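Taken in sequence, the protein lines are chains A and B. According to this note's numbering, the first sequence is numbered sequentially starting from 1. According to this note's numbering, the second sequence is numbered sequentially starting from 1001.
For the record, the hints were derived by calculation from the structure and aren't laboratory data. Since the model is a prediction, treat every value here as computed from it, not as a measurement. Just so you know, nobody snuck in bad clues.
To spell it out: a stretch of chain B is covered by chain A in this simulated footprint if at least three of its residues, at any positions, have a beta carbon under 8 Å from a beta carbon of chain A; those stretches are:
{"id": "1", "region": "1229-1242"}
{"id": "2", "region": "1315-1326"}
{"id": "3", "region": "1386-1400"}
Below, simulated DSBU-like cross-link-like pairs (lysine-lysine); rule was C-alpha separation at most 35 Å, straight line:
{"id": "4", "chain 1": "B", "residue 1": "K1188", "chain 2": "B", "residue 2": "K1268"}
{"id": "5", "chain 1": "A", "residue 1": "K11", "chain 2": "B", "residue 2": "K1017"}
{"id": "6", "chain 1": "B", "residue 1": "K1017", "chain 2": "A", "residue 2": "K312"}
Glycine is no exception: its CB is placed at the ideal position from the N, C-alpha and C atoms.
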Amino acid sequence: MQIKPVLMALKKHRLATVLIALEIALACAVLCNAVFMIASRLSAMRIVSGVDESSLGFIQLEGFDPARADDLNARVLHSLGAIPGVQAVRVINSVPFGPMAGAFGVTLDQAGEQFRGVPEIYLGDPGTPEALGLTLVAGRMPAAEDYQPIREGYLPASSNVLITRTFAERLWPGADALGKTFWTGQNQFRVIGVVANLSVQQYDEEGERGAQWTVFVPALPGPHLAGGYLVRADPQALDRVMVDAKAVLAKAAPDAVFDHSQSDTLPALRTRFFQADRAMAGILVGVIAALLGVTALGIVGLASFWVAQRRKQIGIRRAIGATRGDILRYFQTENFLIVTLGIALGMLLAYVLNALLMTFYELPHLPLYYLPIGALALWLLGQLSVLGPALRAAAVPPVVATRS
Amino acid sequence: MFAYYLDLALRSLRRNKVLTALMVLAIAVGIGASMTTLTVMHLLSGDPLPGHSAHLFYAQVDADPGPRGGSHREPPDMLDYRSATDLWEAQRADRQALIVDSQLKVAASDMNVPALMLTMLGTTADFFPMFAVPFQYGSAWTAQDDAQRARVAVISADLNDRLFGGGNSVGRTLHLRDSDVRIVGVLKPWRPTPQFYTVVGGRFANGDTAGYFGKPEDVFVPFRSALEINDGAFQQFNCWEAPATPGHLQDASCNWIGLWVELGSAVKVAAYRDFLDHYAQQQKAAGRFNYSETRLRDLMGWLDFNHAIPRSVKLQAWLAFAFLGICLFNTVGLLLAKFLRRAGEFGVRRALGASRRAVFAQCLTEAALIGLIGGVGGWLLSLLGLWLVRRQPAPYADLAHLDGGMFVVTFVLAVAVSVVAGALPALRASRVAPALQLKTL
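Turn these sequences into a full structure, and let the hints guide you.
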């Protein structure tokens, strides 16, 4: 296929060519950025919680009298533990994808000068790390004597804690964290164990807090640790257990209000946590679909017009020996050239749009490999949309040449 | 002449139905997408108190006692207890309201409805006239009730429906945690958008500000009564050191109270600014403050500072308009094809004496007609789009409806887009050389 005659013909239709190329350029820019945004949303949704999500449920009670917290805890633990299928019930302040229960700025020294970030704190009673299913990578799990009462404020005065691998690396890069201490105000933490993962409660991918910046503080239930319960059950039985729990608690804890929005199985809490991301990804998919649809319509419209306009020329070419394949390939080549022009411009535009979005939305850089993927998609789209009109062109009989 | 062009346009559109449908579809989809996002933007960026918001101000001082880096600092988003009550008690503004939210258990003692966890707003009597809050039954409490820590409450229409079936519940008793309060007023349905008076912390929210568009509180109680009723359940905005008793923040180094003031004239605004500065300097001299920065932003300024429009909504609007741009290019291409195909027809018209301007006008009429039809499609699609928005899990979802103004904007935008798209092809068509075209006929 010779390209030169195609280019000559395009020169005659400069305006229309430029328009379609611009449309493809814009489509390329939006396509690359929208796909990139979908991909980053989806990757954020794959956060590893570090706990046995499918076996766990969380129950939040509110509105009870803190002075009677011990009594409430006892009643709840007893009544939930009696539900058939429940393997463990623990008092906990929150769970991954649960309510935000507490984040504290921590320092490496008591004077509070070596600030190292704001991790989220998990508080749980004896057996909680085991019930969560945390994976220990170094050190040991808290023993019975590590569980301390909370006398005032939010935390035990001094505690032996578990931290995640990621947060250990943040506090002491490259060093062994075991036995080291860090502080929040006058509360001291000593690291006795490092776990593989334990994600934060409310992860914000654009926030300063890392997804795994967490500390597990062993504590004893009391006025400052009550109302939140971790339920562990067989994954098949979990949904039923959570339904039963609600009925059981209505009887066992009539003085507390069952928080329907926060109490659910962990898979359900996870789904809800990412609902907005999924909705946004859905909108972006819709935009991409509509965008490609409209671009295809534009190509079909213009190609049909050109085919109709050139009926006679096509007839002449056929009459002097061009095969149907030649005509078909002519229009395909023409489309390829226009789309290529559009893509060249579109790649530039994609980067400009990405830079613009980056200043407004703190998005990361568009990875380079998105560009060839976007180009391939648009080439394919162009070829598919031009196929119909091109086949119609190829079907023009040579006899047309003889008519005036 | 216009009627004639319209007739010509209709004929032309009917002649090539596929091409017409493609153009109408492109415009409809583009308009539908942009109007959906534009309507949401319009809803979320509106003035919650039109005509009145310019007189409402949010006061900030900085009670951070510790030395910290950075020379120019923004005061924290909320006030500590001492500053808040000092400023409020000075009564230097036309009206002033303290704001503090907390969660508590609510029950109606004589009704058979299970207890609810609700948000209670502790505020002062001026809150209601200041923010033009509409009452269904009864009225606000008085300044005397504020001073006497009266056990009274105003409840939302929603709560009144839930607890009392929508009847006049003034005089009835509400059980708030462990206290009984008397209902003195019931609000009409009230939905300020955003819920501006509790907006804080936008600069730390990373654009996730959808929470500003939730529903107002269900229970309103005098400020000091609220502190007593729900003692131990108050949440700080931030603290410089952990409070000794969590939830009891009166004597803690914490920010947790908002102060809104109403100032009727520019002179009063200037005077209040001076008052704030003077207060901060006085506190600094006394050693309680370390910084004397103050702020007094008006309502819209405060919303602006908090970047109240959620970033995802803005992003959707950007996307929609990029999309409209693509639809525009598409329509230009298709119109060009359509007009140039009829070069012969224009040649005849020109040969018969029609001016270039007349041909141009004819083409634009046709483009505008396409825009109008596309506008109808766009309107239907934006209704569909808004229906989809309403099904999203966002606090503002229930607000997404097309109002009269945006309905008109839909058609104006559709026609404007198609006329802009038609301009270049129309110019091309009007430049057709009559002689050349007549020869080929």
